[in-house]
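One letter stands for each residue in the lines below.
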Amino acid sequence: MPHRHSLTTLRDMLRQREISSSELTRHFLDRIARYDDLNAFITVQEETAMASAQRADKHLSNGEYGPLTGVPIAHKDIFCTRDILTTCGSKMLRNFIAPYDATVVERLADAGSVLTGKTNMDEFAMGSSNETSYFGPVRNPWNRERVPGGSSGGSAAAVAARLVPGATGTDTGGSIRQPAAFCGLTGLKPSYGRVSRYGMIAFASSLDQGGPLARSAMDAALLLKCMAGFDRRDSTSMAHDTADIDGALKINLRGLRIGLPTEFFDDSVNPTVLTRVREALAVFEELGASLVDIALPNSRAGIPCYYVIAPAEASSNLSRFDGVRFGHRSEQATNLQELYEYSRAEGFGEEVKRRILIGTYALSAGYYDAYYLKAQRIRRLIAQDFSKAFEQCDIIAGPTAPTTAFGLGEKTQDPVAMYLNDIFTNTVNLAGLPGLSIPAGPDDSGLPVGMQLIGQFMDEGRLLGAAHRFQQVTDWHQRAPEGF
Amino acid sequence: MTWEIVIGLEVHAQLMTHSKIFSGASTAYGAQPNTQACAVDVGLPGVLPVMNREAALMAARFGLAVGATINRVSVFARKNYFYPDLPKGYQISQFEIPVVSGGTLEIHTPEGEKTIRITRAHLEEDAGKSLHEQFHGMTGIDLNRAGTPLLEIVSEPDMRSPAEAVAYLRKLHSLVRTLEICDGNMQEGSFRCDANISIRRHGDKTLGTRTELKNINSFRFVERALHHEIERQIAVVEDGGDIIQETRLYDPERDQTRSMRSKEEAHDYRYFPDPDLPPLVISEADLEQLRDELPELPDARLARFISDYDLGADEAVQLTSQKEIADYYENAVTKADGETRLTANWINGELMAWLNRCNTAFTDSPVSPTMLGQLVKRIQDKTISGKIAKEVFQAMWNGEGSADDVIASRSLTQITDSSAIEQVVSDVIARFPDQSEQIRAGQEKVIGFLVGQVMKATSGKANPQAVNDILKKQLLN
Amino acid sequence: MSISKKDVEHVAHLARIRVAPDELTRYQEGLANILELMAQMQDCNTDGVEPMAHPQDIALRLREDRVTEINERSSFQKGAPLVEDGLYLVPRVIE
Chain A
31 MPHRHSLTTL
41 RDMLRQREIS
51 SSELTRHFLD
61 RIARYDDLNA
71 FITVQEETAM
81 ASAQRADKHL
91 SNGEYGPLTG
101 VPIAHKDIFC
111 TRDILTTCGS
121 KMLRNFIAPY
131 DATVVERLAD
141 AGSVLTGKTN
151 MDEFAMGSSN
161 ETSYFGPVRN
171 PWNRERVPGG
181 SSGGSAAAVA
191 ARLVPGATGT
201 DTGGSIRQPA
211 AFCGLTGLKP
221 SYGRVSRYGM
231 IAFASSLDQG
241 GPLARSAMDA
251 ALLLKCMAGF
261 DRRDSTSMAH
271 DTADIDGALK
281 INLRGLRIGL
291 PTEFFDDSVN
301 PTVLTRVREA
311 LAVFEELGAS
321 LVDIALPNSR
331 AGIPCYYVIA
341 PAEASSNLSR
351 FDGVRFGHRS
361 EQATNLQELY
371 EYSRAEGFGE
381 EVKRRILIGT
391 YALSAGYYDA
401 YYLKAQRIRR
411 LIAQDFSKAF
421 EQCDIIAGPT
431 APTTAFGLGE
441 KTQDPVAMYL
451 NDIFTNTVNL
461 AGLPGLSIPA
471 GPDDSGLPVG
481 MQLIGQFMDE
491 GRLLGAAHRF
501 QQVTDWHQRA
511 PEGF
Chain B
12 MTWEIVIGLE
22 VHAQLMTHSK
32 IFSGASTAYG
42 AQPNTQACAV
52 DVGLPGVLPV
62 MNREAALMAA
72 RFGLAVGATI
82 NRVSVFARKN
92 YFYPDLPKGY
102 QISQFEIPVV
112 SGGTLEIHTP
122 EGEKTIRITR
132 AHLEEDAGKS
142 LHEQFHGMTG
152 IDLNRAGTPL
162 LEIVSEPDMR
172 SPAEAVAYLR
182 KLHSLVRTLE
192 ICDGNMQEGS
202 FRCDANISIR
212 RHGDKTLGTR
222 TELKNINSFR
232 FVERALHHEI
242 ERQIAVVEDG
252 GDIIQETRLY
262 DPERDQTRSM
272 RSKEEAHDYR
282 YFPDPDLPPL
292 VISEADLEQL
302 RDELPELPDA
312 RLARFISDYD
322 LGADEAVQLT
332 SQKEIADYYE
342 NAVTKADGET
352 RLTANWINGE
362 LMAWLNRCNT
372 AFTDSPVSPT
382 MLGQLVKRIQ
392 DKTISGKIAK
402 EVFQAMWNGE
412 GSADDVIASR
422 SLTQITDSSA
432 IEQVVSDVIA
442 RFPDQSEQIR
452 AGQEKVIGFL
462 VGQVMKATSG
472 KANPQAVNDI
482 LKKQLLN
Chain C
39 MSISKKDVEH
49 VAHLARIRVA
59 PDELTRYQEG
69 LANILELMAQ
79 MQDCNTDGVE
89 PMAHPQDIAL
99 RLREDRVTEI
109 NERSSFQKGA
119 PLVEDGLYLV
129 PRVIE
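Protein chains in written order, with this note's numbering: chain A, 31 to 514; chain B, 12 to 488; chain C, 39 to 133.
FYI, nobody ran anything at the bench for these hints, they're computed from the structure. Certain hints may be false.
One-sided and incomplete, this derived list gives chain A residues near chain B with beta-carbon spacing under 8 Å [as the list claims (entries may be wrong)]:
id : residue
1  : A132
2  : G229
3  : R263
4  : V354
5  : Y370
6  : Y402
Listed next, the in silico DSBU-like pairs over lysine-lysine satisfying Cα-Cα at most 30 Å (straight line) [to be verified]:
id : chain 1 : residue 1 : chain 2 : residue 2
7  : B       : K401      : B       : K346
8  : B       : K483      : B       : K456
9  : B       : K393      : B       : K456
10 : B       : K472      : B       : K456
11 : B       : K483      : B       : K467
12 : B       : K388      : B       : K401
13 : B       : K125      : B       : K182
14 : B       : K393      : B       : K484
15 : C       : K116      : A       : K255
16 : B       : K483      : B       : K388
17 : B       : K346      : B       : K398
18 : B       : K401      : B       : K483
19 : C       : K116      : B       : K140
20 : A       : K441      : C       : K43
21 : A       : K280      : A       : K255
22 : B       : K225      : B       : K346
23 : C       : K44       : A       : K121
24 : B       : K401      : B       : K472
25 : A       : K121      : B       : K90
26 : C       : K44       : A       : K441
27 : C       : K43       : B       : K90
28 : C       : K43       : A       : K121
29 : B       : K346      : B       : K456
30 : C       : K44       : B       : K90
31 : B       : K456      : B       : K467
32 : B       : K346      : B       : K216
33 : B       : K125      : B       : K216
34 : B       : K393      : B       : K483
35 : B       : K140      : A       : K121
Just so you know, even glycine gets a beta-carbon here, dropped at the ideal spot from N, CA and C.
Between the sequences and the hints, there should be enough to build the whole structure, so can you do that?
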């Protein structure tokens with residue numbers, strides 16, 4: 031049962047020729063087909079996957095391999111893939127075949143990975159439950175009546191159900207970490223600028239980061255190393271090498287100061303979630319870390335601040351979907367205005383439209399100062415809070431989300447309740463910091479609880495290292511949902 | 012006239028980079044539609060802008076040349092609006108903090124030098140083109156031009172007449188070409204102008220309501236379009252009406268301005284800093300280097316022409332009005348044996364007339380600076396007269412070779428041998444006894460007639476001064 | 039900080055999104071709820087705080103002025119809604 035093995039183990043097995051990439055890819059493709067009721071994939075690339083697996087086998091038999099040669103993976107359908115459907119979960123792009131590869135796609139292909147398909151997601155990454163997808167909701171493998179989280183819900187469900195050993199996601203306000211938490215995975219949002227955004231369909235450009243969803247910190251580190259690095263095509267890409275990530279996996283936690291923001295441990299959080307997080311922190315203490323109370327006084331303003339900045343940027347980023355050069359074009363338009371208005375009204379789903387409208391409002395004449403500029407000032411205060419906190423600690427820990435996976439349809443009628451899911455994650459995006467979610471055990475009904483570790487800018491190595499040490503002495507990350 | 016005219020200009024100068032401002036696509040003009048629009052220019056999902064260093068340096072070079080402040084840190088912002096030739100639904104421009112702030116330009120007016128203040132100059136990307144013809148009632152979109160770097164140069168409302176506006180525009184045109192940041196080709200749209208115009212009663216402190224005039228893309232149109240708009244505004248106000256703030260389009264075929272209703276809708280561009288582009292920083296080292304490399308500017312060249320070449324202000328202004336003319340002059344003068352003024356006369360006169368007549372650019376003149384300089388030298392050393400020189404010039408224009416070639420092949424060398432001239436003069440006096448008698452009787456004006464006869468008899472090759480002298484000697488002594 | 043139907047219509051027009059008359063109330067309520075959430079920002083004192091547009095403190099990286107792109111028109115226009123002679127077609131634009 032090869033799907034039981036971690037990505038790193040599978041990579042080693044391939045190198046040692048214990049299994050071929052063709053066998054492995056076939057195995058995962060079969061699982062994808064078998065569990066298609068999860069609706070984790072929008073596109074499955076069976077033929078091209080098998081062809082690239084055969085190429086990988088040839089390389090492996092010649093002893094030539096890259097860091098991921100022959101390892102099947104999946105991409106969130108927000109990454110452009112040449113000659114492959116790239117929908118971003120939207121009717122707008124339901125027929126869009128991207129004419130180029132995103133940098134992340136190119137890098138993971140260069141590393142030798144085998145692309146099995148494109149995973150489902152909230153439309154244009156706007157959502158926390160994967161229910162805004164034009165292609166229907168994704169089900170959580172831990173409980174099919176629950177959401178997998180979002181917006182990278184398809185990738186999270188696929189990795190949790192062992193349909194692939196690892197997948198890519200993107201995180202604008204928690205879209206990697208929250209689904210990782212809901213699905214019992216290790217998910218990393220890297221520092222802003224660590225992973226190229228080129229070819230990643232933009233939601234909110236100053237917040238978006240691509241990152242890995244995997245089963246362990248070690249697997250996530252391996253994927254990150256292949257995805258990350260300077261890209262001349264992205265002006266916000268940082269020239270920062272990834273050598274620190276390997277080294278970090280060997281770190282000793284003795285003396286590590288973990289900051290606990292009082293604001294993250296209040297009674298808005300589900301008590302079981304808090305209990306699991308505290309238990310996990312106790313493990314970190316046993317490993318030599320010390321816990322310090324810290325304050326992030328402006329974190330309460332994070333939600334409104336985020337829900338101004340992200341929609342404002344989105345309203346502009348999504349203007350290019352106008353029915354002229356690509357994407358949906360309305361049949362009923364008789365003039366240019368109608369072409370725009372109908373194409374966009376028909377092509378976008380309700381949540382996307384709501385965010386475009388609110389973002390347009392926040393930028394419009396007369397409201398810019400009160401909303402957009404105010405939010406940008408709060409953003410600085412939030413970033414300053416983190417800087418001050420990091421004078422007292424090395425990493426910050428808390429729950430990833432206030433609850434475990436909630437029921438399908440439970441929050442779809444109340445957008446604001448849905449937004450509150452991001453309360454512990456989106457401040458990290460506002461500050462551009464790395465954030466990692468790791469499994470911390472089950473809640474009362476067996477659903478995974480996620481713990482978030484937040485690091486200093488470009489210090490994801492330390493996060494991965496701390497998580498790796500934790501995962502060496504715990505096995506929450508190895509738990510699979512029943513039946514998978 | 013009780014009205015004071017107030018004009019401010021916004022000029023869009025396309026910067027002469029090889030590649031676009033935010034992509035590596037070519038900026039060459041005239042390619043097949045959409046063949047020079049790369050993924051970034053088309054605004055495909057997921058693409059990102061990466062700034063062209065040369066465009067930033069060109070903007071800074073302009074700023075230095077007009078004595079402006081180069082903002083060490085400037086910010087790119089998104090200007091959001093929907094239009095089919097704007098692929099992303101926003102234009103990347105600069106709003107709150109442009110790369111260049113302030114600066115001035117001196118213009119030459121009949122009343123003397125006048126300073127026009129420049130408000131700002133900012134970098135932005137050009138849009139594509141909409142083609143309204145030939146697609147069965149639809150509009151075709153070509154994005155080749157999308158992403159071409161533009162420097163938008165905004166003046167203060169300091170101009171008080173269409174003539175001043177034209178003078179400013181010409182000065183700016185000459186400057187950007189001297190700086191080699193813009194080719195100035197108005198036909199291809201490399202140098203475009205919008206004008207803000209208002210009128211007010213003399214002595215009023217506040218500005219009147221202005222209209223924005225678009226599509227005035229030749230020097231000729233600018234003056235006409237401004238005149239029309241001013242007359243229209245005066246007529247409206249004198250009829251007791253109010254000027255509406257609006258965008259108007261100049262239609263050169265009908266020679267009138269009309270309101271652009273499609274642009275009337277209240278603009279709300281929702282500018283905000285582009286999250287894809289961190290702030291543009293121009294380093295002190297770059298500025299230092301740009302300062303060192305700054306070419307001689309039109310004003311300095313004008314001053315030098317007046318002092319070094321002993322030219323009058325008007326002819327110097329004309330010669331320095333375009334970089335190419337000034338270059339031509341300086342090249343020609345080195346061959347003209349110090350005849351600085353004569354060379355200037357020939358350029359501003361004969362050469363300019365031929366270029367205009369044949370609609371030829373200075374750089375394409377069949378008479379090169381060297382050829383013109385040699386021609387002037389032959390006038391100066393009296394090989395030919397000024398009159399014969401015109402014939403030689405025409406022959407050179409028509410490709411008959413250098414001045415010396417033409418003089419030799421057409422045997423145009425001036426007759427300076429006075430005995431030969433004296434013989435012809437004696438003949439002419441004999442043939443025109445009446446006129447000769449009139450001259451002897453004191454009617455010296457008639458001498459011109461006899462000079463003409465001598466010139467005719469020598470096919471113009473006699474030196475007119477010598478003929479004159481000899482005639483006087485024979486008749487009056 | 040409530041939002042009127044007229045505001046919704048104005049914003050929808052700016053964003054070029056058709057909102058049908060029967061959807062107007064729904065959008066109005068949705069936006070009003072979000073605006074209520076946004077109003078929480080007012081609790082935060084931001085006097086003297088510089089707005090933060092980018093999460094990184096870096097200067098714009100500049101690229102050398104070189105042509106690096108080739109003509110990919112046919113690939114870009116393969117999936118385009120309406121193209122003729124290499125041009126993207128839209129309903130006639132009136133100026």
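Hints versus structure:
1. A132: It holds, given that the least Cβ distance between A/A132 and chain B is near 6 Å, below 8 Å.
2. G229: Holds, about 4 Å.
3. R263: holds, 6 Å
4. V354: Since chain B brings a Cβ to about 6 Å from A/V354, closer than 8 Å, the hint holds.
5. Y370: holds, 6 Å
6. Y402: holds, 6 Å
7. B/K401 with B/K346: The hint holds at about 18 Å.
8. B/K483 with B/K456: holds, 12 Å
9. B/K393 with B/K456: Cα-Cα ~25 Å, so holds.
10. B/K472 with B/K456: This hinted pair holds, its Cα atoms lying about 22 Å apart.
11. B/K483 with B/K467: holds, 18 Å
12. B/K388 with B/K401: holds, 14 Å
13. B/K125 with B/K182: holds, 12 Å
14. B/K393 with B/K484: Roughly 21 Å separates the two Cα atoms, so the pair holds.
15. C/K116 with A/K255: It is violated: about 34 Å lies between the C-alpha atoms, which goes past 30 Å.
16. B/K483 with B/K388: The hint holds at about 29 Å.
17. B/K346 with B/K398: Within the cut-off at roughly 20 Å; holds.
18. B/K401 with B/K483: holds, 27 Å
19. C/K116 with B/K140: Distance of about 21 Å is within 30 Å: holds.
20. A/K441 with C/K43: holds, 25 Å
21. A/K280 with A/K255: Holds. A/K280 to A/K255 sits at ~16 Å (cutoff 30 Å).
22. B/K225 with B/K346: violated, 45 Å
23. C/K44 with A/K121: holds, 28 Å
24. B/K401 with B/K472: holds, 13 Å
25. A/K121 with B/K90: holds, 27 Å
26. C/K44 with A/K441: holds, 28 Å
27. C/K43 with B/K90: holds, 26 Å
28. C/K43 with A/K121: holds, 27 Å
29. B/K346 with B/K456: With a Cα-Cα distance of about 37 Å, the restraint between B/K346 and B/K456 is violated, given a limit of 30 Å.
30. C/K44 with B/K90: holds, 24 Å
31. B/K456 with B/K467: holds, 18 Å
32. B/K346 with B/K216: violated, 55 Å
33. B/K125 with B/K216: Judged against 30 Å, a Cα distance of about 20 Å means the pair holds.
34. B/K393 with B/K483: holds, 21 Å
35. B/K140 with A/K121: Holds: B/K140 and A/K121 sit about 29 Å apart, inside 30 Å.
Violated hints, in rising order: 15, 22, 29 and 32; the structure is consistent with all others.
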